[in-house]
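Just so you know, the sequences run in chain order A and B. Using my numbering, count along the first sequence one by one with no gaps and you end on 556. Using my numbering, count along the second sequence one by one with no gaps and you end on 1167.
Since the hints were made in silico from the structure, they are not lab data. A portion of the hints provided could be inaccurate.
As the list claims (entries may be wrong) - Partial list, derived from the structure: chain A residues whose beta carbon lies under 10 Å from chain B:
{"#": "1", "residue": "8"}
{"#": "2", "residue": "11"}
{"#": "3", "residue": "14"}
{"#": "4", "residue": "18"}
{"#": "5", "residue": "25"}
{"#": "6", "residue": "35"}
{"#": "7", "residue": "38"}
{"#": "8", "residue": "121"}
{"#": "9", "residue": "155"}
{"#": "10", "residue": "236"}
{"#": "11", "residue": "239"}
{"#": "12", "residue": "241"}
Said to hold, decoys possible - In silico DSSO-like cross-links for lysine-lysine, where the CA-CA straight-line distance does not exceed 30 Å:
{"#": "13", "chain 1": "A", "residue 1": "249", "chain 2": "A", "residue 2": "99"}
{"#": "14", "chain 1": "B", "residue 1": "1095", "chain 2": "B", "residue 2": "1140"}
{"#": "15", "chain 1": "A", "residue 1": "277", "chain 2": "B", "residue 2": "1140"}
{"#": "16", "chain 1": "B", "residue 1": "1010", "chain 2": "A", "residue 2": "165"}
{"#": "17", "chain 1": "A", "residue 1": "279", "chain 2": "B", "residue 2": "1095"}
{"#": "18", "chain 1": "B", "residue 1": "1095", "chain 2": "A", "residue 2": "277"}
{"#": "19", "chain 1": "B", "residue 1": "1095", "chain 2": "A", "residue 2": "99"}
{"#": "20", "chain 1": "B", "residue 1": "1140", "chain 2": "A", "residue 2": "279"}
{"#": "21", "chain 1": "A", "residue 1": "398", "chain 2": "A", "residue 2": "478"}
Claimed, not checked - Just a sample of chain A residues kept apart from chain B, beta carbon distances all over 10 Å, derived:
{"#": "22", "residue": "39"}
{"#": "23", "residue": "285"}
{"#": "24", "residue": "553"}
For every residue, glycine included, the Cβ atom is placed at its ideal position computed from N, Cα and C.
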Amino acid sequence: MYLYDEFDERLVRERVAQFASQVERRLSGALTEDEFRPLRLKNGLYLQLHSYMLRVAIPYGALNARQLRQLGFIADVHDRGYGHFTTRTNLQFHWARLKDVPTVLGLLADAGMHCIQTSGNCIRNVTADPFAGVAFDEIEDPRPVAELIRQWSSLHPEFEWLARKFKIAVSGAAQDRTVMKSHDLGVRIVRDAASGEIGYRILVGGGLGRSPMEAQILRDFLPRQDLLAYLEAALRVYNLAGRRDNKWKARIKFLVHDIGVEAFRAQVEDEFARIDKAKTNARPAEEARIAAFFAAPPYENLPGVSRKLERSIARDEELARFVEHNLTRHKRKGYAALTISLKPVGGIPGDISSDQMRVVADLAEQYSFDEARVTYAQNLVLPHVRLGDVPHIFARLKEQGLASANVGLITDIVSCPGLDYCGLATARSIPIAQALAQTFADPARQKDIGELSIKISGCINACGHHHVGAIGILGLEKKGAESYQFTLGGDPGDSYALGELLGPGLPAEKVPEAVERLVAVYLARRQPDETFIETTRRLGLAPFKTAFKEIADAVA
Amino acid sequence: MLLLDRHGPKEDVWERAEYLCQAETNFVLAPFGAIAESPLVDSELRLGALLEPDRALDEVASFFDRLDLIVIHFPSAADGRGFSVARQLRQAGFKGVLRAFGPLISDQFPQALACGFDEVEIIGASAARQPVEHWMEALKRISFLYQRDYGATDSIPEQRLARAAHV
Ligand code: HEM
Ligand code: SF4
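Chain A with its partners taken away, still in its complex shape (with noise of 0.2 Å):
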């Protein structure tokens, strides 16, 4: 895992500096509400519904044993005991206070940990596959790629200023687990055919909220030591022409909708060509320097079963569940990748104790090389554990609540805090995810329906990111009540898809319902080994609108 030297350090302290320097002149009146507010926004400092916010970036969803002890411990002394894990792996403290922040800043600092260009119109944190450097499937590690555009892109004196927020995320697996399409940018590791050569492709325009647009191919294959001056070169591009007269139409997926792909390609590269490559790439020495962080562990040779492992399966049907749903295939015979789901029956998706995160730093520590990564489903994943291990991190993690056996399944819900928290919202999510994870406790039932998302928001920003859930379900308010749209069909990853709508709104109340019909109609109609998802491609809408508008029509 990168480690930050002196001069990351530095950076992070000072810019700590510069935002209890902002506060004063803020106090002072030397800088005006309006002029404040874009400074606290890109120091992670949200103003929520009941208090402040504090949004602390986690790069690319990685984190060691002594962060997450330290998020523990801010957790207890200057929040409410609690953090809350989102779908672009951050960890927001929903009770931040406000005097407190330089000194939780001063913490994270100590951690190599800040929230710096967590919100605000620049380039926000960077994400990427949460299975990076362990996945089967990997062509190379994004990490080292993902942790040069965290450094490229922090204080970027010419970006920080955009027209709206731009989010990047990086894979580098044949499979995306990024939700790349949904991205402003996405920086896809390939290799070109005919070379045999390593290189990126560039996908632009993608975005979520009130217009969902899915992300184009801006270049095929960039060459890798190009990636920083072409990056420079569509940010400028963007910088440039994106609009500010709408705030609603000013991400980079309007301007590439409004003037075409192929013409933003073509000023793209005409920037690129004019920008002076030696001089602003990364150097391969600087790339190599942290590729180094990046280095695979120690592993030990083991074989590909454990036969401790099998013996316990045999004895425990929860860790038999628990196997069977949470382990993801490891490069490296004798491991796996094991998610850790934080959506327990009856909790709230993404929340973490600090109770929790102490437990789970224990387990990173002791079982996975000091490591632990954050999915933008809201999980957690100990990227490489021996599978002789399983059986006793699932008691650990039992004792702490943490060992639901649900991941990918219909309780595995993403959600936004909603009108929880949310001084946007339109609606409540978490209720509405708790009683879906209520409806379909059952193991037995979660697993005869198999893979399934669910993804709720509680306004149409969509940061629960409903538009790509299998069943997307959006909180509106209509004269005065809560009023919940469905969307069927939606895929974040590469059979990239939509939502299509299903019909009117529905009470809170009949939410449960509704989705148990939709299930109920997959159940009937799927063939064998066909899952949720690939049964609403297989049948179209038709058949679960006519199940959903049964109880629509009940209610109106």
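Chain A is fixed; fit chain B with the ligands onto it per the hints.
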């Protein structure tokens, strides 16, 4: 009004005019459009052009050797287009003085310098609220940048390289 470069406040020698023919001194700062269309562009006058951030680069580049100063307008502090305009002008070879003009905040001073500006001109309430010290202190807050080609020769990657060569 506040005019500053990296060394501190300075006097403005430029006279503002809507059209070149109105000039009373030899240093005239006029909107770029007025300069581009004026026959006086071939005169002895020293010229400064006021540029809105939506001007196409190529239009401006053909006047580079006539312009001693280009002033780029920032309609608001949050509108960062001017930073990219400055980069493009420098990249295209403009060697004269570049000035950022508008209601900037002092934290943007180092960003402006890094993007190729030489000076900033702040007017109205923004200037009244932010005294000279704020602008000068802002230059000292962040010692080094990650970006290699933004003004400084001591960027973090350069220093890392130098250090690696040392051991
Ligand atoms: C105070 C709380 C929050 C506020 C005010 C907020 C604000 C917004 C806004 C205004 C948008 C729409 C942007 C646009 O369409 O241009 C948005 C999108 C988004 N936010 Fe949030 N958000 C909050 C919390 C969260 C949380 C908790 C998550 C993760 C669970 C999150 C992740 C995202 C994502 C993934 C998108 C949509 C993807 C995209 O188009 O980029 N945000 N947010
Ligand atoms: S989707 Fe809406 S309600 Fe949910 S966190 Fe985002 S802005 Fe808030």
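Hint check results:
Given hint, residue 8 of chain A at the interface with chain B, holds; its Cβ is 8 Å from that chain's nearest Cβ, closer than 10 Å. Because the smallest distance between the Cβ of residue 11 of chain A and any Cβ of chain B comes to about 7 Å, under 10 Å, the interface hint for this residue holds. Taking 10 Å as the C-beta contact cut-off toward chain B, the hint placing residue 14 of chain A at the interface holds, the least distance being around 5 Å. A cut of 10 Å between beta carbons decides the hint on residue 18 of chain A: the least distance to chain B is about 5 Å, and the hint holds.
At about 7 Å, the closest approach between the beta carbon of residue 25 of chain A and any beta carbon in chain B falls short of 10 Å, and the interface hint on this residue holds. Interface hint status for residue 35 of chain A: upheld, as the beta-carbon distance to the closest one in chain B is roughly 5 Å, under 10 Å. Interface restraint check: residue 38 of chain A against chain B, minimum CB-CB distance 6 Å, threshold 10 Å, status holds. For the restraint placing residue 121 of chain A at the interface with chain B, the shortest Cβ-Cβ distance is roughly 7 Å, inside the 10 Å limit, so the hint holds.
For residue 155 of chain A, the suggested interface contact is upheld, since its CB lies about 6 Å from the closest CB of chain B, less than 10 Å. Hint status for residue 236 of chain A relative to chain B: holds, with the closest Cβ pair at about 5 Å, below 10 Å. Taken as an interface hint, residue 239 of chain A checks out: its beta carbon lies about 5 Å from the nearest beta carbon of chain B, inside 10 Å. Residue-level restraint check for residue 241 of chain A holds (minimum Cβ-Cβ distance to chain B is 9 Å; threshold 10 Å).
Only pairs whose Cα atoms come within 30 Å are accepted, and residue 249 of chain A paired with residue 99 of chain A is rejected, the gap being roughly 35 Å. Proximity of residue 1095 of chain B to residue 1140 of chain B is assessed by CA-CA distance (about 26 Å); at most 30 Å being required, the pair is judged to hold. For the hint pairing residue 277 of chain A with residue 1140 of chain B, the CA-to-CA distance comes to about 28 Å; that is within 30 Å, so the pair holds. Using a Cα cut-off of 30 Å, the hinted pair residue 1010 of chain B and residue 165 of chain A is violated, with the two alpha carbons roughly 36 Å apart.
For the suggested pair residue 279 of chain A and residue 1095 of chain B, the alpha carbons sit about 19 Å apart, so the restraint of at most 30 Å is met. Proximity of residue 1095 of chain B to residue 277 of chain A is assessed by CA-CA distance (about 20 Å); at most 30 Å being required, the pair is judged to hold. With a CA separation close to 46 Å, the supplied pair residue 1095 of chain B and residue 99 of chain A exceeds the 30 Å bound. Among the hinted pairs, residue 1140 of chain B with residue 279 of chain A is consistent with the structure: their alpha-carbon atoms are about 24 Å apart, no more than 30 Å.
Between residue 398 of chain A and residue 478 of chain A the alpha-carbon distance is near 41 Å, which puts this suggested pair outside the 30 Å criterion. Consistency note on residue 39 of chain A: stated as away from chain B, yet its beta-carbon is not over 10 Å from all of that chain's, at 7 Å minimum. Its beta-carbon lying about 6 Å from the closest one in chain B, residue 285 of chain A breaks the requirement of being farther than 10 Å from that chain. Residue-level check passed: residue 553 of chain A sits 48 Å from the nearest beta carbon of chain B, beyond 10 Å.
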